[in-house]
Amino acid sequence: MVGLIYFVIFLVSAIFELRNSYANSFVLFTVSAVFLKGVVTKKKGYYLAGSILGSVFGVLMILSAVASYADTFLGGEFANVSYGVVGISTLPYLLIMRKRLSA
Amino acid sequence: MKVALVGNPNVGKTALINALTGGNFTVGNFPGVTVEKKEGKARIDGKEVIFVDLPGIYSLQPKSIDEKVARDFLVKEKPDLIVNVLNASNLERNLYLTLELTDFGVPMIVVLNMVDIARNRGIRIKSEKLSEILGVPVIETVASKGVGIDRLKEEILKGGKVPKKLGNTFEEKVKIAEEIANKVIEKLESKVTICELLDEVFMDKHLGIPIFLSLMWMVFVFTYNVAQPIVDLLDFTFSVLADRVSSYGGVVFDLLGNGVISGVGSVLVFLPNIAFLFIALSILELSGYMPRAVYLMDSIMSKFGLNGRAIIPLIMGFGCNVPAVMATRSIEDDKIRLTTVLITPFISCSARLPIYVLFVSALFRNGSAVIMGLYIFGLAVALISALIFRKTLFRGEAEYILELPPYILPNVKDVLLLTWNRVKHFLEKAGTVIVAMAVIIWFITSYPSKNIEESFAGTIGKAVQPLFAPMGWDYGLVLALIMGFVAKEVVVETIGLMNIDVSHLDTFKALAFMVFTLLYVPCLATISAIRGEAGFKWAVFSVVYSFTVAYIFAFLITEVGYWLA
Chain A
1 MVGLIYFVIF
11 LVSAIFELRN
21 SYANSFVLFT
31 VSAVFLKGVV
41 TKKKGYYLAG
51 SILGSVFGVL
61 MILSAVASYA
71 DTFLGGEFAN
81 VSYGVVGIST
91 LPYLLIMRKR
101 LSA
Chain B
1 MKVALVGNPN
11 VGKTALINAL
21 TGGNFTVGNF
31 PGVTVEKKEG
41 KARIDGKEVI
51 FVDLPGIYSL
61 QPKSIDEKVA
71 RDFLVKEKPD
81 LIVNVLNASN
91 LERNLYLTLE
101 LTDFGVPMIV
111 VLNMVDIARN
121 RGIRIKSEKL
131 SEILGVPVIE
141 TVASKGVGID
151 RLKEEILKGG
161 KVPKKLGNTF
171 EEKVKIAEEI
181 ANKVIEKLES
191 KVTICELLDE
201 VFMDKHLGIP
211 IFLSLMWMVF
221 VFTYNVAQPI
231 VDLLDFTFSV
241 LADRVSSYGG
251 VVFDLLGNGV
261 ISGVGSVLVF
271 LPNIAFLFIA
281 LSILELSGYM
291 PRAVYLMDSI
301 MSKFGLNGRA
311 IIPLIMGFGC
321 NVPAVMATRS
331 IEDDKIRLTT
341 VLITPFISCS
351 ARLPIYVLFV
361 SALFRNGSAV
371 IMGLYIFGLA
381 VALISALIFR
391 KTLFRGEAEY
401 ILELPPYILP
411 NVKDVLLLTW
421 NRVKHFLEKA
431 GTVIVAMAVI
441 IWFITSYPSK
451 NIEESFAGTI
461 GKAVQPLFAP
471 MGWDYGLVLA
481 LIMGFVAKEV
491 VVETIGLMNI
501 DVSHLDTFKA
511 LAFMVFTLLY
521 VPCLATISAI
531 RGEAGFKWAV
541 FSVVYSFTVA
551 YIFAFLITEV
561 GYWLA
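Sequence lines, in order, name chains A and B.
For the first sequence, the residue numbers in the numbering used here are 1 to 103.
For the second sequence, the residue numbers in the numbering used here are 1 to 565.
The shape of chain B in the complex, shown without the other chains:
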């Protein structure tokens, strides 16, 4: 049995799929497109049910790619049942999509989610009356707390009911949605909610931005300071293991110890930093704070020719640029979408974090501040680039809708699941691309001579090094940059395998190197995502543009360093 979960953005579909499947879902893409798809399996009373979480949409008129994907899925895949998830606090607007879904003639169940928040806002929905009007079962839930899930499962097993077709045109459906809302919504005496109290502060015109910056600082302290002992412990373990294995002698043990364990270890030691970053981002996302950040930053973003919708991909980019590029699909305006695609690689993804941590631990006293500075610098370059693109390549105005979901105290299971789904991607890379690169780097650093200067790696590094001579980086660091083209994690891996002691670099050279890795050519996966979203021409443009910008900044930092010295 295939069940499609359909609803507006921020109605709690992910929490619902978590509750229904016990977190047993995978994140992939819809065939042929790169819009994220969550698909989960559950066994309800012995019957296997596949849940497909469609992208959050406001209507099925294919204006944005998300809406097209949702529509195509319903038309081509023909699910056995549609579970339409509604935010109980905002029924009228949510009902428009419900009325569009009635056109498909597919059995349906309506889920009124977040009824607790609606009640606190003085809204009670007569669900039986709503069920009578639509002709389908209506279930009240609080998905984040598991309330109403058992009843929903029972109704899913019953297979739902084919809804009455209501309205033909857009205008008719809007009018009917309003009429239904008036009939089923009962207004009670509302009390001031925690959500309203917090919004007044978090979106305060004077304090909102300082609070946002404070929270961002806390994310960095959590990612860097709190995770550090685990990083050091892993580092110690991998180096002991690598020494032990390579001490057995012979090519195979040398490959295993100095190649695979040392190479993969040099990347995996940063797993705690990445996991902690994702935990913090997941908490901000699930708590409902993220859209407030969007709202707060909107007036600033509009000065750079972007709009609020462009901020979500940018914030996601701090985790990984690939889903961030994909997330631009929800931006309706093509010019803003392309601009956002092109600037996203400047947002410092988690794979670049190990590079900063490596240099900062060795050379700087206040590590968190330097790392946060790099993140802000990347964001600034992205925004200035956006302004340039919007003034030259992609001129024009655009409007957008921003919805503020209620605040929710994220439940630990949801945070861990979301973090795991993201960390898994990093681990998969460590098990595939990074192992392969470890073997390649081991080979080119070990042959034809064990002496690195005379190895293939030395030859490649020396051949390209003159290009970076103004920055004073040796051929080892240059080789690390070349390898980083495959995946940014490989930069640290190469540095580790080539035994480069970064603590001997002078501060400005190291800073220039970090800024270069922050800005230069996106990794292969991101380039391929840009090609998918914007086309080959823009992928090439992105590579050339980012390399040029990175080179200019690295050169300037080095020159300023020399000048100050």
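Excised from the complex, chain A in its bound form:
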């Protein structure tokens, strides 16, 4: 069920992100495909990998937004915040999975 929810979240984000950046959108499509394969094959590894990729991308997009905001003070332009920030939503799930797998 969790995998299916993440698949939908990343798929929708990937479609919205197409307006901002094709490359970011590609990453989001990839993460959604990883979760989808997890749902289809019922293998935990896909949820784990999807959560890792989603979290890393989410953190990166937050850092990127913060950097873009900071840059406005130095004369730069503020870039749109990517839908990739939704990736951070996988972080709690990643921590839970890691704890379960290490136990």
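Wrong hints could be hidden among the right ones.
[Claimed, not checked] Some, not all, of what chain A presents toward chain B, calculated at C-beta under 8 Å:
{"#": "1", "residue": "V34"}
{"#": "2", "residue": "A49"}
{"#": "3", "residue": "A70"}
[Stated by the list, open to error] Calculated lysine-lysine pairs in the BS3-like style (CA-CA distance at most 27 Å, straight line):
{"#": "4", "chain 1": "B", "residue 1": "K41", "chain 2": "B", "residue 2": "K145"}
{"#": "5", "chain 1": "B", "residue 1": "K205", "chain 2": "A", "residue 2": "K44"}
{"#": "6", "chain 1": "A", "residue 1": "K99", "chain 2": "B", "residue 2": "K413"}
{"#": "7", "chain 1": "B", "residue 1": "K335", "chain 2": "B", "residue 2": "K158"}
{"#": "8", "chain 1": "B", "residue 1": "K158", "chain 2": "B", "residue 2": "K76"}
{"#": "9", "chain 1": "B", "residue 1": "K129", "chain 2": "B", "residue 2": "K165"}
{"#": "10", "chain 1": "B", "residue 1": "K76", "chain 2": "B", "residue 2": "K38"}
{"#": "11", "chain 1": "B", "residue 1": "K145", "chain 2": "A", "residue 2": "K99"}
{"#": "12", "chain 1": "B", "residue 1": "K68", "chain 2": "B", "residue 2": "K335"}
{"#": "13", "chain 1": "B", "residue 1": "K38", "chain 2": "B", "residue 2": "K537"}
{"#": "14", "chain 1": "B", "residue 1": "K335", "chain 2": "B", "residue 2": "K2"}
{"#": "15", "chain 1": "B", "residue 1": "K158", "chain 2": "B", "residue 2": "K2"}
{"#": "16", "chain 1": "B", "residue 1": "K187", "chain 2": "A", "residue 2": "K99"}
{"#": "17", "chain 1": "B", "residue 1": "K205", "chain 2": "B", "residue 2": "K76"}
{"#": "18", "chain 1": "B", "residue 1": "K47", "chain 2": "B", "residue 2": "K78"}
{"#": "19", "chain 1": "B", "residue 1": "K126", "chain 2": "B", "residue 2": "K165"}
{"#": "20", "chain 1": "A", "residue 1": "K43", "chain 2": "B", "residue 2": "K187"}
{"#": "21", "chain 1": "B", "residue 1": "K126", "chain 2": "B", "residue 2": "K187"}
{"#": "22", "chain 1": "A", "residue 1": "K44", "chain 2": "B", "residue 2": "K187"}
{"#": "23", "chain 1": "B", "residue 1": "K165", "chain 2": "B", "residue 2": "K2"}
{"#": "24", "chain 1": "B", "residue 1": "K68", "chain 2": "B", "residue 2": "K161"}
{"#": "25", "chain 1": "A", "residue 1": "K43", "chain 2": "B", "residue 2": "K129"}
{"#": "26", "chain 1": "B", "residue 1": "K187", "chain 2": "B", "residue 2": "K175"}
{"#": "27", "chain 1": "A", "residue 1": "K42", "chain 2": "B", "residue 2": "K165"}
Keep in mind that the hints were calculated from the coordinates and are not lab data.
Predicted model only: the values in this text are computed from it and were never measured.
Glycine is no exception: its CB is placed at the ideal position from the N, C-alpha and C atoms.
Given chain A, work out where chain B should sit, using these hints.
For chain B alone, kept in the frame of chain A given last:
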């Protein structure tokens, strides 16, 4: 006391030398050759111990240059102690090298590293039994977490023990290794490891490549977007400083302000981009993902006449081409090695990044995508060149072995140390070559006239400019290219010192310039590395070939630009 660390590739020797020396090691080359050497000092209970990390090898039969270097070191330098590092999850194969080391009669300690991963895989090694068979102390460690390091230090102080000599011929040693492994390995119930779970996904035949491309994109976003405010802050600081110093008047302050500070500053502002790139590459390398990337890309690479081993130098080339050229030494097949040496300069090194950032910031909206496009273009030119070389100059087939180490969550200290060791090289260049070039460029742009057009720089640029007339670059940009022959960082430095406003260029001219700097003549250090690895003839070939390829592509881009306009 001199201690040699010997082991197969990917057994955690670097993590071990980090743990033993607290990161106090230097990266250099072995005398007379260009194979990387890590040498670290540590004081254990007041006694100074020098650790030498030998290249990762599978045997001491000198087939590859790495194996020859390791063998020569053990024979000629005669270390006081050998610390043989083994991957506890793969004991049998690692033991073959151990048995070869017993032939030297040098005191030895065996380190069973990554015992945690072995346990997760259901492998327990009876280390006391192994110690009894080999006649040397056997220590279990998890170097990345510092486990077992204190005990290892104690044993190092004791000086180890001379091992029993086991087996004479290759066949005997292989057989003995198998027998020992059977005696000391205890199979427990294995649980599915995180490593296995991840491998299934990261090496998935459908998702593996998209995941690899996604990770590469994240590296570029991290390098370019996240580092940008620090770049801008440094840029602001250096320009204020340069203006302030040069405002005092006189030749000395003009040299300091407009020459040294402005010149070195124009390169140093890109330090955050380079440091962030190295942080990302270090994480990928230390996490164990890099060999998976090799595996994933192998079938594609083989279509270009290369094999998996050739990919490591190519990936390293994104950092710096010099160690990448040196890294080809681990390729056993000479034809593939030479091909890899010759195509490595097409891989966009970190020194070229400032050039792209400069042009892209001024002229393009989606900077990261343009920069990633340039990196991919460089890789494509390298691969097509490889195919041409393998079909013409270096024909033949070759085989290779690829090992997949376990995934490790890289520890922050290791990532920062690896990044620092690489960034240090860039800073050293900034403090030496780039300062010298700043002074030279300041001189040729200031004399005999302050007017650049009438200066020495103007004269040189104008003399060579007709060669680049089809691309429409002015003499300032041409001069920057000439200076870039010394080091690619100097291209941006020259542009800065000559006050060239790149935002006035049209997009296709700028793109042609970026592609030219991506592909043209390798820097002096890389040429010298190619000469060392492949000989003078191939170094000259590399210069001529890369210049021709760069010229053709820059010309085509300009023509297409004119046509579209």
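Here is what the structure says about each hint:
1. V34: The hint holds - A:V34 has a Cβ within 8 Å of chain B, the shortest such distance being about 6 Å.
2. A49: Holds, about 4 Å.
3. A70: 4 Å, holds
4. B:K41 to B:K145: Within the cut-off at roughly 20 Å; holds.
5. B:K205 to A:K44: 17 Å, holds
6. A:K99 to B:K413: 23 Å, holds
7. B:K335 to B:K158: 46 Å, violated
8. B:K158 to B:K76: Given pair B:K158, B:K76 holds - Cα atoms ~23 Å apart, limit 27 Å.
9. B:K129 to B:K165: Given pair B:K129, B:K165 holds - Cα atoms ~17 Å apart, limit 27 Å.
10. B:K76 to B:K38: Holds: B:K76 and B:K38 sit about 18 Å apart, inside 27 Å.
11. B:K145 to A:K99: 18 Å, holds
12. B:K68 to B:K335: With a Cα-Cα distance of about 19 Å, the restraint between B:K68 and B:K335 holds, given a limit of 27 Å.
13. B:K38 to B:K537: The hint is violated at about 31 Å.
14. B:K335 to B:K2: The hint is violated at about 36 Å.
15. B:K158 to B:K2: 13 Å, holds
16. B:K187 to A:K99: 25 Å, holds
17. B:K205 to B:K76: Roughly 47 Å separates the two Cα atoms, so the pair is violated.
18. B:K47 to B:K78: At roughly 19 Å apart (the allowed maximum being 27 Å), B:K78 and B:K47 satisfy the hint.
19. B:K126 to B:K165: Status holds; Cα separation ~20 Å.
20. A:K43 to B:K187: 25 Å, holds
21. B:K126 to B:K187: 11 Å, holds
22. A:K44 to B:K187: With Cα atoms ~25 Å apart, A:K44 and B:K187 stay inside 27 Å; holds.
23. B:K165 to B:K2: It holds: about 22 Å lies between the C-alpha atoms, which stays within 27 Å.
24. B:K68 to B:K161: 25 Å, holds
25. A:K43 to B:K129: The hint is violated at about 39 Å.
26. B:K187 to B:K175: This hinted pair holds, its Cα atoms lying about 20 Å apart.
27. A:K42 to B:K165: 52 Å, violated
Hint violations for this structure: numbers 7, 13, 14, 17, 25 and 27, all remaining hints satisfied.
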